[in-house]
Amino acid sequence: MSYTLTVNGRERRVESGDPDQPLLYVLRNALGFTGPKFGCGLGQCGACTVIADGAPIRSCQLPISATKGMKITTIEGLGTAEKPHPVQAAFIAEAAAQCGYCTNGMVMTSAALIAQNPKPSLDEIKQALAGNLCRCGTHDRVLRAVLRATGGQKK
Amino acid sequence: MNAPFSRRAFLKSTGALVVALGAPEAGFAQVAGAAGLAGRVLDPALVDAYLALHPDGSVTIYCGKVDLGTGLRIAIPQMAAEELGIGLEKIRLIEGDTALTPDQGSTAGSTGVPRGGVQIRQAAATAREALMRLGAERLGISLGEVEAKQGEVRPKQGGAGIGFGDLIGDRQFALKLDPKAPLRNPDDYILVGKPLRRPDLPAKVFGTHPYIHNLRVDGMLHGRTVRPPAVEARLVSVDESSIAHIPGAKVVRIENFLGVVADDEWDAVRASRALKADWEMRDSLVGNEAVRQSMRAGPFESDETLMKKGDAPSVLAAAGDRLRAEFYWPVQTHGSMGPSCAVADVRDGKATIWTASQATHRFRFAFAHFLGLPDEAVRLIYVDGAGCYGMNGHDDAAADAALMSRAVGRPVRVQWMREDEHRFDPKGPPQLLALEGALGDDGKIAAWRTQMWIPKATASLPNVPLLGPQAAGAKQPLGLSTGLISQNASPPYAVQNVEVLAHWLKDAPLRPSNIRAPGKIANIFAVESFTDELAVKAREDSLAFRLASLQDPRGIEVLERAAALIAWQPRPSPGPGGIGRGLAYVHYKDSENYVAIAMEAEVDRETGVIRVRRVACAHDCGLMVNPDGVKAQVEGNILQTLSRSLFEEIKFDRRGVTSADWASYPILTFPDVPELLIDLVQRPHEPPLGAGEAASAPVAAALANAVHDACGVRLRTVPFTRDRVRAALAGEGKSG
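Chains as they are written, first to last, in our numbering: chain A, 1 to 155; chain B, 1001 to 1736.
One should not assume that every hint holds.
As the list claims (entries may be wrong) - Listed next, with one range per pair, are the computed distances between beta-carbon atoms:
1) A:9 - B:1685: 33 to 39 Å
2) B:1675 - A:116: 24 to 30 Å
3) B:1284 - A:63: 24 to 30 Å
4) A:15 - B:1663: 53 to 59 Å
5) B:1552 - A:124: 52 to 58 Å
6) A:63 - B:1664: 47 to 53 Å
To be verified - Counterexamples of contact, computed for chain B against chain A with all Cβ distances above 12 Å:
7) 1165
8) 1350
9) 1356
10) 1572
11) 1684
Stated by the list, open to error - Stretch by stretch, here's where chain A covers chain B in the computed footprint (C-beta under 8 Å, at least three residues):
12) 1170-1177
13) 1227-1236
14) 1447-1459
Hint data in this document are derived by calculation from the structure and do not stem from the laboratory. Beta carbons are placed, not taken as given, at the ideal position from N, Cα and C, and that holds for glycine.
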């Protein structure tokens, strides 16, 4: 079967032998967007987060057959070294990653949050990121980075 | 002497992952796969093993240790560049490639900087001396009249110098590492001690960082391992027709090892799920509920007295009211966010393994052994994985990939699924401690006895036995590997009578390995909780109680600084209710870092939920090469150990692990994150001690002490789940 979806502003056609193939595998393998990561395949950790029609979603849970008409942004489409998204610039400024495996999800969830709520409180940021797990313990820096990106400050 | 050869061309051809500090992004060089590489000096006794200067004035550093998200990738170049006298932008770093880097031991035990970095610093100092001699000769002045700065040797008086590249060209130093080569005076440091930015950070934030999970090599198949439904289950039969409908999917079976390969990754996943196999089950485990009793019961390898000072048994026996308490730390997983992954190419009598291993050099011999290849035919190349905090599944996944690649004759990439990681990564072993103590007439600790029930690490076991080779019937040395789990089991205070006894167990409930700060977290949890219990008994403020028996000024300083961060008010515990405070202290391994943690927590008596409000840490690791790197490690140690203390226990039944995902094995989430207050002590003239582990050791004890101060309940069993807290509150005053 072939599927058409919009990723990072461009329409892409992909083949999949299985309508249940999760979007994450399509992004990473067929399309080469390896920014989103496989963490659990269960929608529990957030490492695979992409933005679909403005909302952060778990790409490990979305079957390719359900992506028709969706506008998907991966971290590669969010910003680049030359033109970073404010959240990305803030993550770099706060050195808000250790191993960095969860960073995709942190950045994408935060970007989706501030698109909806440009001045979130610390508690609102914590709630928005409640489903994004980090094992290295970078949470404090992530919170600082999101506040920095929104012009707020962590005391 | 070898014929001169161009290292640059050589690096281009070998497929090593090169991180160039000057370039914004690092990429994968594509594969070459030659295993024995002529020309590279790997003898750790030689300068050329660690560094190479190039005619253009750039320098390649070859580091046997690896950056696990821990900041070594900036700290090591800082140390090398400082000692050489060259800009950081001239340095390239290669990590953990067995064909290119010297064996500096595994990246474990917080040794990256204190051993790996210090060795490279000494190599750089030796090289600088050689360059200065060459430069002085060319300049026609004496050695005492030159200095090495900004990549050149120049007259101290001023005037034109000669670039390092011109002096050495592409030649090797051919020098022994000189342990006496003079080091720069820390007062003159330009790079060391600065919070410089990690070079890998931007790519991690833009989603372009080259993780092992992203590596693709030509002709590669995707593999998935099909692990048995019960530990040690025997594979009876496999129905290959059950995956016939999946294009290109093939079964790999070697005795009890079972896997599938396919061209497409999702097809490999589907095949691994669809594959029908018949296993003969085994009920070989004790189950998590029975671990504690089973540790008391043995069987035992031996009893060992680890410390004996004065006569603790007699003083305790004579004491009117001695205290006794038992503490338990459960089995835990490393809990890497990304399941383990590796790519292997085993063909034509040689093997190239791309792996996120913490110990490529050590595992090279294990891989050669089970693959039946000579050591020199096997090359392990380190590539970043998800953070591992000890040996997680990375080495097992690499072995899985190697077995499958050999079987199918093509490169195979294996990525574990979430349940593979939770079920089968080697686990942090459980620890049981029984403590006894008594106060003297002076209100100080008069006698102390620690007994520990812990699994005994097998003497000179080369590595944790790997699952794949074991299932495939390959010979490998068997035994237990745990890390040094018996350290820090005595009070770090002046006590006249102390005894520490280890009851070494023959076995562990699940295959163990080292997990961050092996053993020390549980031991300090027990020791520093019990110190607080004695302080309570003495009706003394717990900070004052500790300071009264502490002589080491560096220890005193961190305790005072941590307490000051939360404006500690002297009074006995428990407090009046509401927000409780607690502290704990460690002199890590009795010889390394000094760390004190002070913490505030409150307990919801209805729900049993512990809310940690603030965590303050004062941390002294000697010379900090990169203070922001140290700070990141301290933060990570605190938050990860809070998670382990509050939430984490691997559940398993007679057959295997049942907590195989993040729902059944919850960890800390953002709403749980407290405010962090961190005070780092910089000691430029002390040796650097590393920061990857020590700050984790006092966390659980400080938390337990804060909980006790808040509500009068003493928690002695980890994790401090809400059920456990409620039960403890219901039995008020008794232990949890």
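Now the hints, each set against the structure:
1. A hinted range of 33 to 39 Å for the beta carbons of residue 9 (chain A) and residue 1685 (chain B) is inconsistent with their spacing of about 56 Å.
2. For residue 1675 (chain B) paired with residue 116 (chain A), a C-beta distance near 26 Å keeps the hint of 24 to 30 Å intact.
3. Look at residue 1284 (chain B) against residue 63 (chain A): about 38 Å separates their beta carbons, and that is not inside 24 to 30 Å.
4. Between residue 15 (chain A) and residue 1663 (chain B) the Cβ separation comes to about 33 Å, which falls outside the hinted range of 53 to 59 Å.
5. The hint said 52 to 58 Å for the Cβ distance between residue 1552 (chain B) and residue 124 (chain A), and at roughly 45 Å that hint is violated.
6. For residue 63 (chain A) and residue 1664 (chain B), the Cβ-Cβ distance of about 25 Å falls outside the hinted range of 47 to 53 Å, so the restraint is violated.
7. At roughly 29 Å from the closest C-beta of chain A, the C-beta of residue 1165 (chain B) stays outside 12 Å, upholding its exclusion from the interface.
8. At the 12 Å boundary, the C-beta of residue 1350 (chain B) stays outside the reach of chain A, the nearest C-beta of that chain being 28 Å off.
9. Consistency note on residue 1356 (chain B): stated as away from chain A, yet its beta-carbon is not over 12 Å from all of that chain's, at 9 Å minimum.
10. Consistency note on residue 1572 (chain B): stated as away from chain A, and its beta-carbon is indeed over 12 Å from all of that chain's, at 31 Å minimum.
11. No beta-carbon of chain A comes within 12 Å of the beta-carbon of residue 1684 (chain B); the shortest separation is about 22 Å.
12. With 0 residues carrying a beta carbon less than 8 Å from a beta carbon of chain A, the segment 1170-1177 of chain B misses the three-residue requirement, and the given coverage is violated.
13. Counting residues of the segment 1227-1236 of chain B whose CB falls under 8 Å from any CB of chain A gives 0; the rule of at least 3 is not met.
14. With 0 residues having a beta carbon nearer than 8 Å to a beta carbon of chain A, the segment 1447-1459 of chain B misses the requirement of three or more and the stated coverage is violated.
Figure legend: structure checked against the earlier numbered hints; hints not met, in rising order: 1, 3, 4, 5, 6, 9, 12, 13, 14.
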